[in-house]
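Residue numbers (my numbering), protein chains in the order written: chain G, 1 to 242; chain F, 1 to 322; chain X, 1 to 289.
Honestly, the hints are just simulated from the structure, not real lab data.
Cβ atoms here follow ideal geometry from the backbone N, Cα and C, with glycine treated the same way.
Hints are supplied without guarantee of correctness; some may be wrong.
Residues from chain X that face chain F, not an exhaustive set, calculated with beta carbons under 8 Å [to be verified]:
1) V76
2) L106
3) L185
4) P262
5) S263
Listed below are the residues making up each chain.
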Amino acid sequence: MTELLQARGLAKSFRGLRAVAGASFDVAEGEIAALIGPNGAGKTTVFNLIAGVYAPDAGTIHFAGRPIHGLRPDQVCAAGIGRTFQLVKPFPALSVLDNVVVGALRVERTVAGARAAARVVLDRLELEARAAQPAATLTLSDRRRLEIARALATRPRLLLLDEVMAGLRPTECDQLVEVFRDLHRSEGLTILLIEHVMRAVMALAQRIAVLDRGEVIATGTPGEVVHDPAVLSCYLGEDTEL
Amino acid sequence: MTRTALLLAILGVVAVVFPWIAGPYALSVATLILYFAYTGQAWNVMMGFAGQLSLGHALYVGIGAYAAGGLYYHLGIGPWLGLPLAIAAAALVGAIIGWLAFRFGVAGVYFALLTIAFAEFTRIGFDHMAWTGGPGGMFLPVAERDHIDLVHFRGPPALYYYAMLALTAGALALCARLLDSRAGYYWRAIRENEDAAQALGVHVFRWKLLAMAISAGMTAIAGVFYAFYNNSLFPEQIFHTGRSIEIILGSVIGGVGTLFGPILGAAVLTLLSEAVTAALAALGWEVPGAKQVVYGVVLLGVVVFLPGGIWPPLARRLGIRR
Amino acid sequence: MPFEFVVGGVVAGILTGLVYGLMALGLSVIFGVVRIVNFAHGELMTVAMYAAALLFARFELDPFLAVLPVAAAFFVLGYALQAGLINRFITRPEHSQFMLLVAIGLIVVNALLMAFGPDARGVQVDYQLESFELGDIVVDKARLYAAGLAVLTALALIGLFRFTRTGKAIRACADNHFAARVVGLNVKRLYAITFGLGAVCVAVAGCSLTLLFDVTPSVGPQYTLLAFVIVIVGGLGSMLGALVGGVLIGVSEALAGLYISPSAKSMLSFGLLIVVLIVRPQGLFGRRR
């Protein structure tokens, strides 16, 4: 398998506080990978380093062989990485369809083309019935779907998901898991999950990297990781729902 | 034919035949309405579409007026050369202000105050420059008002009315196009949430700059009109913060971010202002300030009770989307 | 230009600047807590100036004594304005808040115009023409008293925020609106008190300024702009910053008046405002948000 995303020695401090300290990991083309770790392990910072929200203090990120560390978020998106936000950020006054059109315009030349493409994506995420209503009126679960739809509309090669399961009911969670499985199966989409909800991680991830205090302390298949003593000691004693 | 098209057609016909049925007073009021409808529309591109609050749009009116007016006054060159110059100058100034503000992360209230500061700075600067005539003003030569001289944009009041009508219609069409284009989608995304827009590949800085340049350039055209309609320019008047507020009022009252809001708002406010004047005169109560107090109270009422402006609820009642 | 003359000008600039600073302090406190920019700030101050001028004309009340009733009335006015009107605008978009206060300012300016006409009003007290002489430097008595009162008022306000229960609660509100609500503070009431206190600053500054400048209805917007310049330079939300910003603007206006031309003095202020906004938008004393 070829590596689509390569992070090497990532470091980032905030006012002397080391959030990420030399983290390295890979995501292979076509796999579903997960980055897990206890609260404050640096997951979100790693996520933001990849997404271009921050530039790393040290280390490199390569995507499809190209360096992307230090790029702006829109450049990261243009490179082929779509993302969602942990606290959802819909465009509240725009219709659900228009929300997705903004994403689709990255690849479509015309607004009409983007609209057609957006409808396809909405259909896929079972939001087509809500297309005309303002995003502000959606439930949390649908807002999450909308964020995913918007990101997918940019036609990413890699989809970064920042705690998309947080706050969802188990049934909603399972439905979303199905959506990702389906996307992965039918389009070979590569996915990197940053996730707290172990139920989803175990159901989806083919490879897991465990982050603790800003460093990657273990990588492997879900089966390997849950039996790793280092992981057990730092993490699994906590709030896992296996 | 959709309801929108029908409404536009009726409005268009009324507007075109208006000078034949209206007296000079009504014509001047209508011209004023169109002027504020147009400038409100231009301001709306920046605030209503892209979410950037400018409180200093008088700056671009002034730049347009002095660019074209100065050219005419000093060199006798009519507005047709002045117009592109005015647009370019204002768009450039808007882009520079935007570049400075957005590069250094000036946003929200601070951005709004920055736009006031630039307008005030320019006002006082123009007051101290020789070529503008300073506080004494610049007076454009007024030719015979009865025959039409298109080269120098001189003629009877109806000429100015039609010019403003064409501008307003053009701005409406342009804004409708813009709103439905890539720019319109990106601007609204930026207005709603900059981070999310950027994550979807939108180069936020560049698109915000474009909104400012377009809005400033559009506003400058109104400035050119102002110069040739009023024929006298005073920095104290044209750049005054009060003028910037007048530009905003119509849009806010009509509905920020809507296409017809600025037009409706301009009509409501201008007619209200005239009606109050007439009513106070009829009551024999022509105390200075009375009109503005009534105006202020109505404004307060609309802002408090119709936060989205008059147009959205009206549009719903008429069965029109925007 | 003789040196004493310049020094005298600078001293006068500092003193006037302190009074400006107090006015701006009101704006800064309101923004720091309520997060609303009071676009009717200068207009409210002209109301205080008219009140002082009228109390003097009717009762020969010295403006420094008029401060007490005017400040009390302004506290009530500010409280009522916030509680009755502005509180419901806190969550509205900025342009909506802006229009509300512009409407209030418009009503204030023109109500004054209706009531008192366009002519300038002021007060004439005997010590206005007197001055202290320190060597060759001449300092106006009235200006010195006004500055002293401004500093005292500012100190009292700072003390109130630091040492009283209500003051601490208001600061808690400013730091974290949500947490303040969680611990059971009545945020809306605290906002109203804050606006009242901001109005008190305006009242004291306004009464003092009647000794230095005449008032007309139309100067309100100019004072609003002046207050903006001062708080941005000093740092919106910073109390010390407002005073220092006031002094800075007072001095720069005095110097510009001496060396360039009196009419160009506010150009310098706006230039300074632009530079500060771009280079250090949080102001000299503001915290980065």
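| request: With a cut-off of 8 Å on the beta carbons, see whether X:V76 makes it to chain F. | output: violated, 20 Å
*At a threshold of 8 Å, is the proposed contact between X:S263 and chain F supported by beta-carbon distances?*
Since chain F brings a Cβ to about 7 Å from X:S263, closer than 8 Å, the hint holds.
Closest C-beta approach of X:L106 to chain F relative to 8 Å, hint status:
holds, 4 Å
ask   = Are X:P262 and chain F close enough, Cβ to Cβ, to be under 8 Å, as the hint says?
value = At 12 Å from the nearest chain F Cβ, X:P262 fails the 8 Å test, so the hint is violated.
How about X:L185: closest beta carbon in chain F under 8 Å, or not? violated, 24 Å
Of the numbered hints stated above, those contradicted by the structure are hints 1, 3, 4, listed in ascending order.
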